[in-house]
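Sequences listed follow chains A and B, in order.
If you want my numbering, it's the 1-based position in the first sequence plus 8.
If you want my numbering, it's the 1-based position in the second sequence plus 20.
Just so you know, these hints were derived from the structure itself, not from any lab.
Not the full set, but computed from the structure, chain B residues with beta-carbon under 8 angstroms of chain A: (1) Thr-269; (2) Phe-270; (3) Arg-271; (4) Asn-278; (5) Ala-282; (6) Ser-315; (7) Gly-317; (8) Glu-318; (9) Pro-342; (10) Pro-344.
From the three backbone atoms N, C-alpha and C, an ideal C-beta is built for every residue, glycine too.
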Amino acid sequence: MKGSVHWPRGTVAVSVGILLALAACAPKSGAQENDGSVGTAIGGALLGAYSGSVLGLIGGFGPCNRTLSGSACPRIAVAVGGGLGLASGLRLEAEDLGALNDRWRSAGYGAAIGGLVGYGLSLGVRQYGWRDVATFMAVGAGIGASPKGAGIGFAAGAAVGALGWMGLPNWKIGDAVAVSLVGLAAGGLAGWVTGPDGGNQRDAIVLPLQVRF
Amino acid sequence: MKGAALSGRTVLGLAVVGLLWGCSVSHRMGPISPCAAPLEDQEISWFGPTESRDRMANGVRCRTSGPPVVIESPGAFFEALHPGDSLAIFSWNVAVGGGDLLAFLEQEVGLVCLGSETRASTAFPHFALLLQEAFRRSEDLPPLDDPGLAARRSVHAPHPRGDPDVLEVAGLCGLATLYVPSGRNGADAPGERRLDKGNAILSTLPLSDFLAVENPFETERKVSVAASVPTPGLSQLRLVSAHMEVTSTFRRALLTGNQTRARQAAGLIEALQAHEEEKGRSPPTLVGGDFNTWSGGESALKMVRAAFPDSPPWDGLSTMGPFPTDHIFFRKGSTGGDPVEGPSPLVADSYRRIDRRYSSDHHGRFVWLRFGGGQDRK
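Isolated chain B (complex conformation):
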């Protein structure tokens, strides 16, 4: 009995203490090969974790989704930004069709979507939407062999105007679009078109310089997306729509010391920096997204704020139930290693939470960017 007791204690103790000591938040980011190319050969730069565990898990899920979609120029007529103009940025998690995007555009932005006849709203003549959990219906998605790889399809009441997917909304509103799916949304259902979901950027300004960043894997593949828009004076403004994990498995949380989102934030920052080094420039960059944070003081937010030091202060408001999940960050950028001189185009006191949720489980976030020179115009 004593021998059994000793061996039981030794095995149990050594195994678990060793396991705990193995806590790791390691990740390595680098250029990766996408599992699907965009439909019309537009070039998207891909970065992601290069460790084999992350690559395998992300790769399996990537193959369940369809190709990214890039629409570089708006289908409707929107004026270019001039000096003195402002650009409105909205960041919103649309809860995989739960959020009524058309109602949001009509009531928050003042945009009535009429296809190529769409005209700019007077309140927000220039705007960009950074969307998380957008979805797309497609008959071109591959059959799903393992239903366990599909994220649960959101259940929501049908909207009065149906449930247009993100590409249908973009077409109806004539907006430039970048949509990169991260994985399958729901298992295949007989008689229904297949769905994938991911992040998107919709804009009244033309989009270029496309980037997709896979998160270091925790429990779901998530892909942050970035694109640049032309602005007066700054030449290019980079917009990033980011989405991080709400929770990892309990085992992973224990093994990483609860560093799930910190690991993913570090990965995103590294990928953005690596992309800048590759391009040889550090443009002004705005990051909006659903960081799925439980607290306003989380490491992930601190890391992103440190990398984006011109960010507006957090207003202390929750955006998803009691959780402060959604945020916007900004950095003026640098030239030749020196920060850009002059006032920030970000209008800090314009940063706010959008009160209505439009049937999503998240409130959106909003901020103005105002570009110097010329008369003060919207």
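This is chain A alone, in the form it adopts within the complex:
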């Protein structure tokens, strides 16, 4: 429940934990480095799998909530996103360790911004407490690992969703939000699949976007 006296301490603990973990995962490195190890390969695979899972889950929020399949649909979305992310993370580690390290760093930024967004929402949304702030951080990290694609995808999805909302009689705001999130997920996953070129963070503007649905 919101208003629990434990939430500031809990949020601080979770926030610090996630940021420390991400900071530990982002060794300093330059572009086009290729001196990977088993550890960096595992790290790349995990980051890709995690980010892809989050993107799949968030992207599936709308479409899965239009089926009669219960939990099967979100699980499939997580599996597909996670699988794509895992393979892409491994490939990125092999091709450009520097780009992978940038993704770890932007995941950290995403977690921090997600935490801020979650904290802001927790002040106004009665249902939200410190666990939700932590969840926003976790989701922010997943989206932040592929910010360029996710941002472009979200913008495109939001545009399509808004057009549908204005133009189609049975489209409601929930449908517009759903399409925006599908765009975010598709763009974020495309950012992973296209590898160093499509997902290179060096010149990207980091736009961690948090939309609750």
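Chain A is already provided as a structure; the job is to place chain B on it using the hints.
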């Protein structure tokens, strides 16, 4: 540093991937013990989620509210339904006193409430109201130890005739009543009577066969209610007033893959079916309620529509701001496992949104049921 990096990645990755894979929309519904009995020993069948998480969360909130209220027979004189008569059904979320129920009854139904002197309106001689977020004032509610368990009290401008609670309106209009609170409404305030809130059914026809269904818990305890009314030919028509969650916590939304309302809709359908099996019959059933849906295509609506295949089509209209939250569904029922033959009593083209909101944040919904045989009467 490398070791730290590896362990950080491993812990973070495995923990969160494992968490995501644990997505669950599970629920189990079954008979439950109510936390409060009705005041005059009328029997209400209770169904609800049986998983311990749901039971604990619902139980704590249940104990903050007062007992259900059952008034089986109308206090005013209303004629029984005859063949050829129609029954008007209104479903409306009254926003915890925000909605002016007396004005609604006067202007939409044509009923002037004069206690036992109340007479049926000529436009709607037979009607039932399926209400969500009705409230009751009572000095008998237990003190609230944890203010966090109280739903936020709605803030609204006072109505010209004061703010009668649902039981006062029912008494003033002489209507049969089922009111089941779901939880406390607002924290205790010095000098003010305590409030709870929940779903209600008000009717010009006598009510029987009472059922309360707790939703699988998300962030608030909500209880859908059902009661039966006598009808010509069909013997009994079951009416259900349902209310689902507007939003879960973000953590729950993530863990369930945004299946909050789908989980609750599945729970309601299961409970209604279990109650039918217990009673050994599947009566015609009308479900009206605030489903809190964001889209007309949501899983929850699809599930309820599949279980109630004789439902009127959605008109594409929103009922709460831009959200299509309020709906009515219908099923003809079955005898011996076979669907009831013959035309549906539901007049599909009568299904509509009520234009005025009467100070609620929701529009109401309306539909006619017409019962065959005899002359065509209202």
